[in-house]
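Each chain is listed here by its residues.
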Amino acid sequence: MRTIDFHAHLTPQCFWHATEGSGDWHSLRRENDARGREILVVGDRRGQLPPKSSWTPEQRLSDMDSLGVDIHVVSPYSGFYNYELDTDLAVATSRESNDEISQMMKSWPDRFAGLATLPMQDVPAAIAELERVMVDLSFKGAVIDDKINDKLLDEPEFLPFWKAAEQLGAFILFHQGGDTIVDRRIQRYHLPNSVGNLADRTITFASLVMGGVMDACPDLRICLSHGGGFACYGAGRMDRGWERIPEADRLAALPPSQYLNRFYYDSIVYTEQSLRFLIDSVGVERVVFGTDWPYDMAQDWPVSWILSMDSLTQDEKDAILWQNLENLLGI
Amino acid sequence: MRHIDVHAHLAPQVLWQAFEQGQDWHGMSHETRGGAEFIIGHGKRILINSPKIRYTPEQRLADMDAEGTDVQVVSIHTPLFPYHWETARAVNASREVNDEIAGMAKQWPNRFAGMATLPVQDVDAAIAELERAVKVLGLKGAELDTVANDGLNWDEPRFLPLFKAAEELDALLFFHPQPQDNIVAVERTLRYGIPNSVGVVLEDALVVATLICGGILDQCPNLRVCIAHGGGGACFAMGRIDHGWQVRSEARVNILRPPSAYQKQIYYDFLTSSEAGLRFLIDTVGADHVVIGSDWPFVGWDPSPGGWLEGLQTLSQDEKEKIAWRNLESLLGI
Numbered sequence: 225m226r227t228i229d230f231h232a233h234l235t236p237q238c239f240w241h242a243t244e245g246s247g248d249w250h251s252l253r254r255e256n257d258a259r260g261r262e263i264l265v266v267g268d269r270r271g272q273l274p275p276k277s278s279w280t281p282e283q284r285l286s287d288m289d290s291l292g293v294d295i296h297v298v299s300p301y302s303g304f305y306n307y308e309l310d311t312d313l314a315v316a317t318s319r320e321s322n323d324e325i326s327q328m329m330k331s332w333p334d335r336f337a338g339l340a341t342l343p344m345q346d347v348p349a350a351i352a353e354l355e356r357v358m359v360d361l362s363f364k365g366a367v368i369d370d371k372i373n374d375k376l377l378d379e380p381e382f383l384p385f386w387k388a389a390e391q392l393g394a395f396i397l398f399h400q401g402g403d404t405i406v407d408r409r410i411q412r413y414h415l416p417n418s419v420g421n422l423a424d425r426t427i428t429f430a431s432l433v434m435g436g437v438m439d440a441c442p443d444l445r446i447c448l449s450h451g452g453g454f455a456c457y458g459a460g461r462m463d464r465g466w467e468r469i470p471e472a473d474r475l476a477a478l479p480p481s482q483y484l485n486r487f488y489y490d491s492i493v494y495t496e497q498s499l500r501f502l503i504d505s506v507g508v509e510r511v512v513f514g515t516d517w518p519y520d521m522a523q524d525w526p527v528s529w530i531l532s533m534d535s536l537t538q539d540e541k542d543a544i545l546w547q548n549l550e551n552l553l554g555i
Numbered sequence: 035m036r037h038i039d040v041h042a043h044l045a046p047q048v049l050w051q052a053f054e055q056g057q058d059w060h061g062m063s064h065e066t067r068g069g070a071e072f073i074i075g076h077g078k079r080i081l082i083n084s085p086k087i088r089y090t091p092e093q094r095l096a097d098m099d100a101e102g103t104d105v106q107v108v109s110i111h112t113p114l115f116p117y118h119w120e121t122a123r124a125v126n127a128s129r130e131v132n133d134e135i136a137g138m139a140k141q142w143p144n145r146f147a148g149m150a151t152l153p154v155q156d157v158d159a160a161i162a163e164l165e166r167a168v169k170v171l172g173l174k175g176a177e178l179d180t181v182a183n184d185g186l187n188w189d190e191p192r193f194l195p196l197f198k199a200a201e202e203l204d205a206l207l208f209f210h211p212q213p214q215d216n217i218v219a220v221e222r223t224l225r226y227g228i229p230n231s232v233g234v235v236l237e238d239a240l241v242v243a244t245l246i247c248g249g250i251l252d253q254c255p256n257l258r259v260c261i262a263h264g265g266g267g268a269c270f271a272m273g274r275i276d277h278g279w280q281v282r283s284e285a286r287v288n289i290l291r292p293p294s295a296y297q298k299q300i301y302y303d304f305l306t307s308s309e310a311g312l313r314f315l316i317d318t319v320g321a322d323h324v325v326i327g328s329d330w331p332f333v334g335w336d337p338s339p340g341g342w343l344e345g346l347q348t349l350s351q352d353e354k355e356k357i358a359w360r361n362l363e364s365l366l367g368i
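Chains U and G supply the protein sequences, listed in that same order.
Quick note on the numbering used here: the first sequence kicks off at 225 and runs consecutively.
Quick note on the numbering used here: the second sequence kicks off at 35 and runs consecutively.
The shape of chain U in the complex, shown without the other chains:
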C-alpha cells in the first residue's frame, strides 16, 4: 500500500526568509497577532499561518513519515493566490513558489509532486505559467480559487484557460482563498470555513457544469477539495433547477448529477457516512486522498481514519489512498 495526499499546502520558504525581521516578499508581509501567532499580510487581507507552515521540507517529511503519508502533491497555500494584486507581483510570487516546489520535487522525487499557483487575474499570464510548470518543471497541475476576484470560473474569459489545462493534461484543484461566501453573512463559529468552503465548492461545481465548461472541455480534470462541498448531496436539486432552464438556453447537455463523475473529489469529509455517500454518488475512482496538511481543519490521523472504516472495502481504500492518483498522475 502507498499513500498519496492531494491536498497538502505549502507556505514557501522563500516567503519566510524574505519576511524575516520586517522585510517583505513582493509586498507580502508577516506580523504576529496578540497571541503571538504568525499572520500573513497581503494588502489589507490577513491570513493565519499555522505553526507547521514554516517547516522546512525536511521537517515536513518527518511529519509525513509519522502520519504514514508517502507523497505530498504539494500546492501553495491559498493565501498566496494574490489575484487582487498587480499581475506583475502575482506572476513573481507564483513563479517563486512554483520554483520552490520544483526544487522539492528534484530533491525528493519519491516524496513530492507539485501543483502550481497561477496569476489567474491575467488569463494569458496564467496559461503561460501553467505551460511553464507542466512542460519545463513536470508539475501535475495547479490549484486555483473558486472565484477570481469577483468572477466565477464559468465566465467566457476563462475558457482559454480551461482549454489550455485540458490540452496540457493539467489537474486543477479548487480550494478557496480568503473570504468564502459565508463571511458576508456570519463570521462566527468558524462557519465561514466549516460551511463556507463547502458552499464555495458547490457553487464552483454548479457554475462549471451549468455554464457549459465541462461540455466544452470533455477531457478536463478537476478536483474539488473538501469532498466537493454539497455537490454530491445537492445534485438532485440542481437537476430540477436545470430542468427549468428552457432547452434553448441550456449550456450543459445533461442534468448536473450526470456530471458528478466527471470531477474528482478529495476525501476530507470527516465522517465515514459522508465519505460512503460521496463514493456511492461519484464512484470510488473519483475520490482521492486529501488531508489539508498542515491546517487545524486537517484530521489528526488521516490514513488511519480511512483504513479503519468498516463500510469501505480494501479495494476502495486502496483506490482512494493511492491507486487513483498513481494512475491519474503517473506517480
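Some hints here could point you the wrong way.
[Claimed, not checked] Covered stretches of chain G, as calculated for chain U (at least 3 residues, CB under 8 Å):
no., region
1, 182-192
2, 221-229
3, 312-319
In short, the hints are calculated from the structure, not lab data.
Remember, predicted model here, so these are calculated numbers, not experimental data.
Where a beta carbon is used, it is the ideal one built from N, C-alpha and C, also for glycine.
Assemble chain G onto chain U, guided by the hints.
Same frame as chain U, now just chain G:
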C-alpha cells in the same frame, strides 16, 4: 396512511383580491411584463412561476385530493415576508395573512393547519403576533426566513426572547429561505438558477449551523424547529462543523456539546431531491425527525409527494409512516 405536508406555500387571497380591484396590497402590486406575471414592491420582483399560487382554498383542496395529501400545514410564500417593510405595515400585513390562514384551518379543520408570518424587525411585535396566532387563532407556529431583517442572523441576542416565547407556546418554527433573493444571488451569481438550486441548500444548512452553534437549542431545549429542504446539506456537512467546533474556540462559545449532538433536536422535511439523500438524512437524524414537505405548488411530484415516499425502496414501512404523518400528528396534534 395519512399524508401531512409541513411545507405548503400560500400567497394570500387578500393580496389577489386587492390586485383584482386594481389596488396594491401593503405596497405590493401586480405587473405583467413580457408574458410573465410578477408581484412587485418593497424592492422585490417576485415571479409568479406557478398558476396554483393563486388558488382559492377550494381549488387547493381539489389539488390536495388529486395528490392524496390529507393535511397541508400552510405558510406564506417567503418572498412575501415583510421583514424589510415599515414596521406598522409589516404588523398589519402579518395579521391579515395569519387571519386568512386561520380562517382556512377553521373552515376545513381536517385539511389545513397554519403557520404564522411574523414582523421580526420588531421582536416585541413578533412575539405578540406569535402569541395571538397560537392562542387566539389556533395556528401551530410560525414560518421564518433563514436570515432576519437587515441580514441579521438568528443567533443575535435580540431574537432569543422570540425563541423563548415559541418554546413556551409549544409553537413549531419552520425555517425556509428566499428561493431567489438569497446569499448566492447577493454574493455570487444569478446564472442558471443557481440561487434557487444551490442557494436554498446553503441557506438551510447555514440556519441549522447558526441555530446550533448560536446556542439557541441549548437555551431553548424544548424549542420545536423544522428546516425546509431536508436542512440543506447540514447533515452531510455536520462532521466538518463538528471538527471546526473541536479546533476553534470561537465555535465553542455557546455550546458545550459538539454541533452534531444537537441535530436530532431539529425536524427536517423530506425534500432532499433524491432517495439517497433522504436515506442519509434519516440515518443521520432518525426517521422520528423527518416529515413530508412538498414545497407546494412549486415542485412537481411523481406521482405525488406521498406517493413518492411510499414508492421508495430503501425505507421501511415504519419509517414511511413516521415521515408521512405520525411525526407531525404527534408534534402538532393534528
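Do the hints match the structure? See the list:
1. 182-192: With 3 residues in contact (Cβ-Cβ under 8 Å with chain U), the coverage given for the region 182-192 of chain G holds.
2. 221-229: Contact hint for the region 221-229 of chain G vs chain U: holds, 7 residues under 8 Å.
3. 312-319: holds (count 3)
When each numbered hint is compared with the structure, no violation occurs for any of them.
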